[in-house]
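Student: Given only the sequences and the hints, what does the whole structure look like? Please build it.
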Amino acid sequence: MTAETMQASAQSSTGGCTLPYPERFKAAVHYISNPPAGSKPVSDDTRLLLYALNQQATIGPCKETKPWGWNVVETAKWQTWSQLGNMSAVEAMRLYVRELEENEPDWYAKLGDYNPSVAEEPVEVEESQTNQPTGIAAIGPRDEWVQAEVSGARKPPPRYEHAMAAVDGKLLLVGGNCGGRYLNDVWILDLSSLEWVPTMYSGGKQAPGPPPSSGPDTPPPPQPTLPPSAGHAVVPWASSLLAVGGLTKAKHKSDELVVHSLETRAMAWSLLEPSGTPPPQLGGHTATIIGSCLYVFGGEDNSRRLSDELFVLDLESMVWSKPETKGRKPSPRCAHVAAGFGGRYLLIFGGGSVAHCYQDLHVLDVEDMSWSVPAAAGQAPSPRAGHAAAMLGNMWYIAGGGNNTTGCRDMVALDVSELGVGTVKWSFVTKISDKRSPIVTEGLSLTAVPEEGAIVAFGGYNGKYHNAVHVFKPAGAEQGQERGLPAPPAKSPLKEAEHVAAERAPQKAQMPKREEEPEAKQPPGEERREEESRVAKLEAACKEAEDMAREAAAARESAAHELALMRRQLVSAQNALAETERGLEEARASLGEEQSKNFKLEVEVAELRQKLGQMEELEKELEHLRRQAQEAKEKKGSGLWGYIAG
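Going left to right, the sequence shown walks through residues 32 to 677 as the working numbering numbers them.
Take these hints with a grain of salt, some might be off.
Stated by the list, open to error - What follows is a set of in silico ranges between Cβ atoms, one per label pair, in the way DEER data are often shown:
hint : residue 1 : residue 2 : range
1    : Q626      : D137      : 54 to 60 Å
2    : R565      : S348      : 46 to 52 Å
3    : M400      : K97       : 33 to 39 Å
4    : E616      : M646      : 43 to 49 Å
5    : A572      : D399      : 20 to 26 Å
6    : E347      : R599      : 41 to 47 Å
To be clear, the hints were calculated from the coordinates, so they are not data collected in a lab.
For every residue, glycine included, the Cβ atom is placed at its ideal position computed from N, Cα and C.
Tutor: Set out below in structure tokens:
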């Protein structure tokens, strides 16, 4: 066979790819991540297997904690990766390429001008490059998502379950989850130039700002640093950025919720040590500042138990507390969104539990610590978890998330301008046409930039990890809006009832007069009291109906939770039984083999004993013959000597 024939044979067996490993594997990953025109669609099962093989090849055996049951996608990915066991990286690369070749034999030919050296860092292909980056102020048009053209020598790796906040015209990105690997890096996005700036915590130099007080020779990074985390929250406070909680690896786990503070001018982390009774370590919770207090709600602890508790950290006295609340609080959940408004109200929307995603809206009045469900007009959003939200003026914008079936492609807004005195209003904003868009993801972040009347989206996961930057500018938002304008004070129930009665009184006066009835008219005061009584009864009936509906929902949730647990236990028991039965069958087969061997040995022993008995008989005959020969020899000798002697 000639060299040309061997090369052609190799190309035909490898989809035309002659690259050595690991370059061939990287080319295959590039093909799957960025399918060229004319490529065949990849089934979900194949994509799941390719994901697991990629993780095995690049990270190693799966050592991640099993995701919570309601997250079907992450659970399937975890199970597929775990089943690979201790497979070597080389074998995982080979199987990855083979799986792609079985699906599309000519995949490498479709890559075109593929350059392995350019594709060495796949995180760079997510976003378009430009030599003339423009600031966020120049981005348009309004009322639709626009992918920003960002610059920078390096960019953050794709991720989700990260946290982002706006500080002094810059966005700070902290941590997240990238391919099952928790991160603790810190990146800065300069909004005036749309340029990524790595910090000392992401392999860069000291960020612009005053140097640490200990002098220029201070070794970076300072201690303590933020542990690799995902599902945490960050909030600006004074000149610092507070990182609250988050899921971590086993060696970094804590029994208490940990709060780190990043001094944004010197880029130095410190650990806060408040007193009081802190919440347990949480992930997927929300942390919201109202006044000088940090309100932490929901999330899941280290044992994946969901929480419905509210904890408050006074940032001035540095004391944790768990206040008593009135009214029916939201059910246990995580991956929800929260926002503060008017210096008085805490809003909670959506989230997920073991079996459900929610679409309910709750409000906490921090003045009297009472939970309520506000009257809302418009069509409420569909249930979702893992979504993101940002408050811009009086509008609370919500995008992304999923519902255990598909990603949510609609973007909605809640008008909270009348919160506390009237009705909040849901409205549809826009729908993302491309279901693969980074906006149609879970674990993304939305950050409001009031100075520009804009919302910035980053990251997320929808089968692919993203690191693109998108900007949305609502048509009704004006630059320089302040978040959370003070809302009018809420009226007392008595004054509200009087207000309703007063509004209805003129309407009654304008109605046509009815024919006089035999009974006498009631005095105005009595009529007003009856009206108030009817209003009070109606409100009480509505409240009772709402309570019953919540109790029914809670009962359904509890039943679903128990059913899910029982199903998991049943599956575990069935798997254990199947494993035991397989072990029993193997033991029976082994026992049969041993019995067969034993029987053969017994037969051989019997045959040997029989042969041994025959040998004993032969030895006796041989001994008898020897004696006869000896006797004959002796007789022959005595006869001759006697003849001579005689």
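Student: Need the list of violated hint numbers for this structure, in ascending order.
Tutor: none
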